[in-house]
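Residue numbers (UniProt numbering), protein chains in the order written: chain W, 1 to 252; chain P, 1 to 262; chain H, 1 to 374.
Honestly, the hints are just simulated from the structure, not real lab data. As the structure is a computational prediction, the values presented were derived from the model and not from experiment. Be aware that one or more of the hints could be misleading.
As the list claims (entries may be wrong) - Short, incomplete list of chain W residues facing chain H, as computed with Cβ under 7 Å:
#: 1; residue: Pro131
#: 2; residue: Val187
#: 3; residue: Leu188
As the list claims (entries may be wrong) - Stretches of chain W that chain P covers, calculated by requiring three or more beta carbons in the stretch to come under 8 Å of a beta carbon on chain P:
#: 4; segment: 27 to 35
#: 5; segment: 147 to 155
Where is the CB? At the ideal position from N, CA and C, for every residue including glycine.
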Amino acid sequence: MGGAHRSHHRPGHSPVHTLPAHCKLVAVLCFVLAVACTPRTALWAFGLYALLLAAVAALARVPPGLLARRLLIGVPFTAFALLLPFVVPGEHTTVLGLPLSVPGLWGAWNILAKATLGVTASLLLAATTEPRALLLGLQRLGLPAQLTQIASFMLRYGEVVTDELRRMSVARGSRGFEARGVRQWGVLAKTAGALFIRSYERGERVHLAMASRGYTGSPPALDHPAATRTQWAYAAVLPAAAFTVCLLGVTL
Amino acid sequence: MTAARTAVPSLDVRGLAYAYPDGRQALFGVDLTVQPGERVALLGPNGAGKTTLVLHLNGILAGGAGTVTVAGLPMARENLAEIRRTVGIVFQDPDDQLFMPTVREDVAFGPASAGLRGEELRTRVTRALDRVGMSEYAERPPHHLSFGQRRRVAVATVLATEPEILVLDEPSSNLDPASRRELADIVRALDITVLMVTHDLPYALELCPRAAILSRGVIAADGPTARLLADETLMRAHRLELSYGFDPRSVPAAPGRRAGGS
Amino acid sequence: MHVPDGFINAPVSLAAGATAAAALAISLRGARRESAAGPATALGPHPESTAPLAGLLAAFVFATQMLNFPVAAGTSGHLLGGALAAILVGPFTGVLCVSVVLLTQSLLFADGGLTALGVNIVLMGVVTVAVAYGVFRALLAVLPRARRSVTAASFAAALISVPASAAAFTLLHAVGGTTDVPTGTVLAAMTGVHTLIGVGEAVITALTVGAVLAVRPDLVHGARGLAPALKLRVGGRLVDATTVTAPGPAASASSSASSSAVSSRRVRLAGLAAALVLAGGVSFYASASPDGLEKVAADHGIDAKVRDHPAAGSPLADYGVADLTDPRLSVGLAGVIGVGATAALGIGLFHLTTRNRRRRRHRRRRPARAPETP
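Required output: the full structure, derived from the provided sequences and hints.
Right, here's the structure in full:
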């Protein structure tokens, strides 16, 4: 979480950008699954995965800086991972005078490596695919149309609602309000309450506008572009390579 | 328009009263009749119940007292779909109306809900966007447009359903002078019944030969726009004041079209 | 809070994904019922308003998570929103809102792993919302019918929902965790930290619900039935509205069963108290035997060593307190929270099902809604 809530989409025309969203979704999901199944002791396998992702990033011309910056934003679970060497039972080794558990170190490595690869793969997907195309891709893969619709409404009005929040905060600030500690929570909660009422009423008005134009509960059908066999083949390269690595990691 | 249609009023509202679920009553017995082809301004101060009345015109609100008849169709569940095709409402905040990811999809929403597909749907969308001069913005997301452009697209979304009655809720609010004029040109070019809800009096005089004043939930006056606007006591009694330097007697009133029965 | 990839193994992640899918399918149907039954929209009952309403409310949850609540010394926290969503819009719509937020965060912002999406939806979307709503409903059933009770119940619901989600995480970790941390440690650490987070969540949730109640009580799903009946004034005299939006389920419940309500309320209150006492006591004594955590600490001397380095500046310092100073107490506390939450969930579910049955009966009695008056 944190404040980094802007879409990571980078428009472009690379081979990765032009693949249909649902192919990319399947590819990334399979890749991450393969990573998750890899035994943590196969260190070289994780190196190969990183190389695979680097190749995709180069092909998509996604600047490495973008990926690195996003990876630096700490996830709370990193703290959990760093804690493992201290709390996991098992044989111990001493590093810089600290007693560290060996299985704990393996556990920490396992989480950090897999989480980093997962985030990088997701970032590449988000950077090369339009948010809306991702949602349609999900719908093509079987996500109920109702959910896609809710998610598109969220995307459409996310900015509008956030803007309202920003305007309220400007209004608070220009009247001398500054949130310093717990005592100001009441005011902030009133802001949240007001935002809820505004969002709800806008939801009602949007529904009115939809009903006025003959909406009866099911969204009008959209024409999805279907993926060709070649496109599927291209998309399959990444997960196929990953599964090979994973198999080697399990057997070797 | 055929003679048969002229016999039936486009809108016929009788004794309409309504209270919101939270107990606030907005309408207290409204009577209003609009003939086919008329352009009528519904004037009223803030909180007079204008928007509430508008929401009754295509059956979005119901359940109070009184009747609403649209082009001869009484408001009833089995007529709702037909009535919503007949009455097109342009809401005040274009952000509420433009809920789809792109302008084209938004304009297509109405006709697609009515079952149009393929080439027919595409022509309908293109024609509606042409009428408001927004064709080149078809692929843009609505939130990247200026306010005036969004209002025009909102009009297009309704025109795409080819309504017989167009209802505009505060069409001139938040518009700069140029966008105001562009919208006026669009409305003037339309050959359908128009009910324009507003408290922008010069705009009403410019576009609508007839006006009705809605105040405290009832129709307080109904007649030629120029005459109502010139009656200072009436206007002041209903919190409708003319803007500085504007004299309704000094400008030509909107030309009446083959107005049915004002 | 978002679980990343690689934390929970593949089979359990996939199973969680299937659970999440099932929960979403149920919620989609439930949400239609919620918007159909509610006074919520100006239109009255309208099942097809689900998508725009849930979409806008998801945008609201998303935006609220950006509202920073300063805690002290430059740190700040934000709302998670599961309990708030459940109370404001109802449990099913709440699950949909939170899940859609998680889905978009995972896809567009890489918050939370793709393979862990099911885990995240189960933990933060389903468990949080279900526990919060269960606690909320259970408390409302025993508290007097007043606005203050709604706020108090919101506080308790949010307070319990966060550590409950942490407890659920512990369960998933015990079944399919990729690390070898003893379950007792995970439970103590996770529920300990999340109880603290839960206090903040509870304060913010209660304040926000209170703020909405003060202005638009009709919008608060959990406070339906506090509104009076509608009267219209036409030409100076009062007329009944021909159709009123469906009365809140709580209202019909209280009017139809007011005599039996008192006794059953007492029974439920006693049951809840007994469950809490039992849960606390049992887990307190259960953890008195040297199992898991303490055994580990004793065998490897971790506790002694940890206390030797209290100022090492490692993240251990944060967790160590909740973790090791009094494991028996924290496990006992976790037990109270966990079992209490489960009991509340059970009561809530019972309440929901009986309410639905009552509503169905009610609907059959009521004549069909006519949109027009003669």
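Verification of the supplied hints:
For proline 131/W, the suggested interface contact is upheld, since its CB lies about 5 Å from the closest CB of chain H, less than 7 Å. With a cut of 7 Å, the hint placing valine 187/W at the interface with chain H is violated, because the nearest CB-to-CB distance is about 9 Å. Interface restraint check: leucine 188/W against chain H, minimum CB-CB distance 6 Å, threshold 7 Å, status holds. Only residues whose beta carbon comes within less than 8 Å of a beta carbon in chain P count, and the segment 27 to 35 of chain W has 0; fewer than three means the coverage is violated.
For the segment 147 to 155 of chain W, the assignment as covered by chain P holds, since 3 residues bring a beta-carbon within under 8 Å of that chain's beta-carbons and 3 suffice.
Consistency note: the structure conflicts with the earlier hints numbered 2 and 4.
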